[in-house]
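Those protein sequence lines, which keep their order, are chains D and C.
With the numbering used here applied, the first sequence covers 1 to 336.
With the numbering used here applied, the second sequence covers 337 to 672.
Please keep in mind that the hints were generated in silico from the structure rather than gathered at the bench.
One or more of the hints may lead you astray.
Examples of chain C residues toward chain D, derived with CB under 7 Å [stated by the list, open to error]: (1) Leu362; (2) Pro368; (3) Met381; (4) Thr392; (5) Val394; (6) Ser428; (7) Glu435; (8) Leu446; (9) Gly450; (10) Lys466; (11) Ser481; (12) Pro488; (13) Phe523; (14) Tyr579.
Where chain C lies over chain D, by a calculated footprint (3+ residues, C-beta under 8 Å) [as the list claims (entries may be wrong)]: (15) 33–41; (16) 284–296.
In this text, a Cβ means the ideal position worked out from N, Cα and C, and glycines have one as well.
There are 2 protein chains.
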Amino acid sequence: MSNHRILLDHGSGGRQSSNLIAEMMLPAFDNPILAGMEDGAVFEMGGSRFAFSTDTYVVDPIFFPGGSIGDLAVNGTVNDIAMCGAEPQYISAGLIIEEGFAMADLRAVLADMGRAAKNAGVQVVTGDTKVVSRGAADKIFINTSGIGLIGPGIHISAANARPGDQILLSGSIADHGVTILSKRSGFSFDAPISSDSAPLNRMVAQMLRACPDVHVLRDPTRGGVGTTLNEIASSSGTGIRIYEDRIPVKQSVSGLCELLGLDPLYVANEGKLLAFVDSRHAGAVLSAMRADPYGTDAVIIGEVVADHPGRVVMETGIGGRRIVDMLSGEQLPRIC
Amino acid sequence: MSNHRILLDHGSGGRQSSNLIAEMMLPAFDNPILAGMEDGAVFEMGGSRFAFSTDTYVVDPIFFPGGSIGDLAVNGTVNDIAMCGAEPQYISAGLIIEEGFAMADLRAVLADMGRAAKNAGVQVVTGDTKVVSRGAADKIFINTSGIGLIGPGIHISAANARPGDQILLSGSIADHGVTILSKRSGFSFDAPISSDSAPLNRMVAQMLRACPDVHVLRDPTRGGVGTTLNEIASSSGTGIRIYEDRIPVKQSVSGLCELLGLDPLYVANEGKLLAFVDSRHAGAVLSAMRADPYGTDAVIIGEVVADHPGRVVMETGIGGRRIVDMLSGEQLPRIC
Chain D
1 MSNHRILLDH GSGGRQSSNL IAEMMLPAFD NPILAGMEDG AVFEMGGSRF AFSTDTYVVD
61 PIFFPGGSIG DLAVNGTVND IAMCGAEPQY ISAGLIIEEG FAMADLRAVL ADMGRAAKNA
121 GVQVVTGDTK VVSRGAADKI FINTSGIGLI GPGIHISAAN ARPGDQILLS GSIADHGVTI
181 LSKRSGFSFD APISSDSAPL NRMVAQMLRA CPDVHVLRDP TRGGVGTTLN EIASSSGTGI
241 RIYEDRIPVK QSVSGLCELL GLDPLYVANE GKLLAFVDSR HAGAVLSAMR ADPYGTDAVI
301 IGEVVADHPG RVVMETGIGG RRIVDMLSGE QLPRIC
Chain C
337 MSNHRILLDH GSGGRQSSNL IAEMMLPAFD NPILAGMEDG AVFEMGGSRF AFSTDTYVVD
397 PIFFPGGSIG DLAVNGTVND IAMCGAEPQY ISAGLIIEEG FAMADLRAVL ADMGRAAKNA
457 GVQVVTGDTK VVSRGAADKI FINTSGIGLI GPGIHISAAN ARPGDQILLS GSIADHGVTI
517 LSKRSGFSFD APISSDSAPL NRMVAQMLRA CPDVHVLRDP TRGGVGTTLN EIASSSGTGI
577 RIYEDRIPVK QSVSGLCELL GLDPLYVANE GKLLAFVDSR HAGAVLSAMR ADPYGTDAVI
637 IGEVVADHPG RVVMETGIGG RRIVDMLSGE QLPRIC
């Protein structure tokens with residue numbers, strides 16, 4: 001690593017994050033489960049298979065249209081576990097609170113966490129609270145970790161993408177990131193925008209019921225759809241082709257992105273997933289997605305190809321082709 | 337809760353922490369596992385029993401004699417799982433790093449985590465890194481969560497203390513807290529003091545082999561031995577009697593405590609445990625503790641009585657009696 005200090009980019013979820021993990025985390029913790037680099041760890045214990053995942057939330061502002069750091073923290077970990085093909089069941093909550101934080105805000109954040117847990121059907125069973133002096137943290141940071149059971153016959157991994165797979169996306173992209181940014185910059189617009197923060201575990205359960213042989217599941221959070229597809233192309237050694245005009249972006253969101261110079265492909269989502277499924281099963285899985293309240297706008301956005309292994313190529317609306325690289329540089333800090 | 341803002345006291349591990357949990361966390365997350373208020377959550381999944389625990393580390397300074405935030409973060413969660421009678425196996429790491437943090441320090445912290453994991457026999461299998469801008473966090477905060485399997489016949493709980501139980505302590509108290517404070521205040525002493533940060537899972541495994549019917553296990557971290565004993569007295573509805581002259585405190589540590597006006601009974605430990613065992617088995621369990629490198633100085637410091645339920649009473653060195661209350665107010669912020 002050429003630089004000597006941690007930069008905001010190292011937390012972007014893009015290329016610098018990926019380098020940090022590869023060069024510093026993997027060697028320090030050297031084990032094959034971590035090296036899999038999935039959304040969660042998958043292992044066997046006591047004769048069953050589990051997914052275990054952790055995520056820390058530092059979003060700023062902590063309250064925003066469509067959610068708060070509280071429900072984001074629960075939904076995020078619920079989704080990471082679901083993306084391993086597991087049914088999330090138990091969650092932990094580790095809070096770092098800045099001295100002077102308003103008790104009423106804490107109460108609101110905890111209430112959001114409680115509601116989100118109930119909504120997702122998980123229980124927050126263990127926790128920890130640290131308080132640091134004024135200025136040593138910004139308001140509140142929340143870590144959630146969680147565990148879920150993986151049913152027999154389910155083997156989800158970014159490495160499992162295969163040429164011929166259809167790529168399914170559960171709905172419109174970039175809602176969360178654009179909402180946070182517009183709230184932070186104090187912009188006010190006529191068109192209502194709000195975070196898509198949502199639990200995806202019930203949708204995943206229905207998708208796996210429709211087809212246990214789903215190859216890949218990922219929620220495109222930090223780094224967006226563009227970065228996530230690159231991770232999958234890289235893990236599986238396949239090529240990915242997507243079609244720009246099939247990717248749903250709300251008009252208000254797309255307008256804001258243009259205004260702010262953001263590419264929606266790299267903006268964070270908090271209630272969307274990507275699924276890679278053999279074309280024979282794509283219809284059944286798509287139907288299962290559309291039957292879920294968080295997947296009504298699900299679409300097929302592309303396919304896996306044998307060409308250009310490790311690369312993501314997008315056919316643009318005007319008939320051209322563009323290489324979609326990983327996010328390089330921090331588009332939006334403290335987005336989750 | 338009478339005050340409207342979060343105070344440092346709310347993170348002390350003492351009375352204010354306890355009120356915060358009872359008044360805000362338990363109602364928000366309303367479930368019987370959390371309500372047990374043990375060091376970790378215990379539940380059944382896929383036919384086996386597990387312990388699941390989380391802890392966030394915000395210690396300042398991050399490097400200190402005897403350890404760093406890195407090994408503290410691993411040992412702390414390993415110990416919380418072990419205190420549920422489980423064998424810790426898998427750990428997560430959630431990092432919050434301040435922009436500008438030295439890459440060399442991160443490397444050192446990760447190396448300490450890796451070594452600590454190896455030493456404890458656990459694997460760090462999943463992680464997350466967030467970077468916040470300068471001034472939004474102080475250097476680095478680490479959350480670890482972890483999971484372990486509980487063997488058949490093991491039922492450890494603070495509620496299980498019974499009159500007649502002997503109270504075993506694995507070694508000298510207050511080393512960690514006093515080390516952090518002295519490092520932070522820049523004091524320099526002739527007598528070497530260092531943190532007791534250590535994994536206790538192997539000791540616990542040997543203790544449970546000697547006697548599967550250990551009633552209570554707790555590591556007296558924030559709030560110290562005094563607060564932990566109060567929690568046990570309160571959970572079990574029993575009285576606790578301890579003897580001041582049996583509680584080991586290193587001379588250097590005791591001298592520093594006197595100088596700084598600290599009561600060692602309330603100072604944090606990071607490599608010590610308290611065990612409550614029926615008197616018939618106390619000898620065997622004590623032998624198992626002493627056979628472990630982290631328990632060579634283990635002693636019996638008191639017993640559970642039917643008198644004064646919910647209260648901890650200490651017979652002092654000069655023949656008097658003193659009520660040992662919970663820690664009230666933050667003795668030492670950011671101690672772990």
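Check each numbered hint from earlier against the structure, then list the numbers of those it violates in ascending order.
-> Checked against the structure, the hints that fail are numbers 1, 2, 12, 13, 14, 16, while the rest are satisfied.
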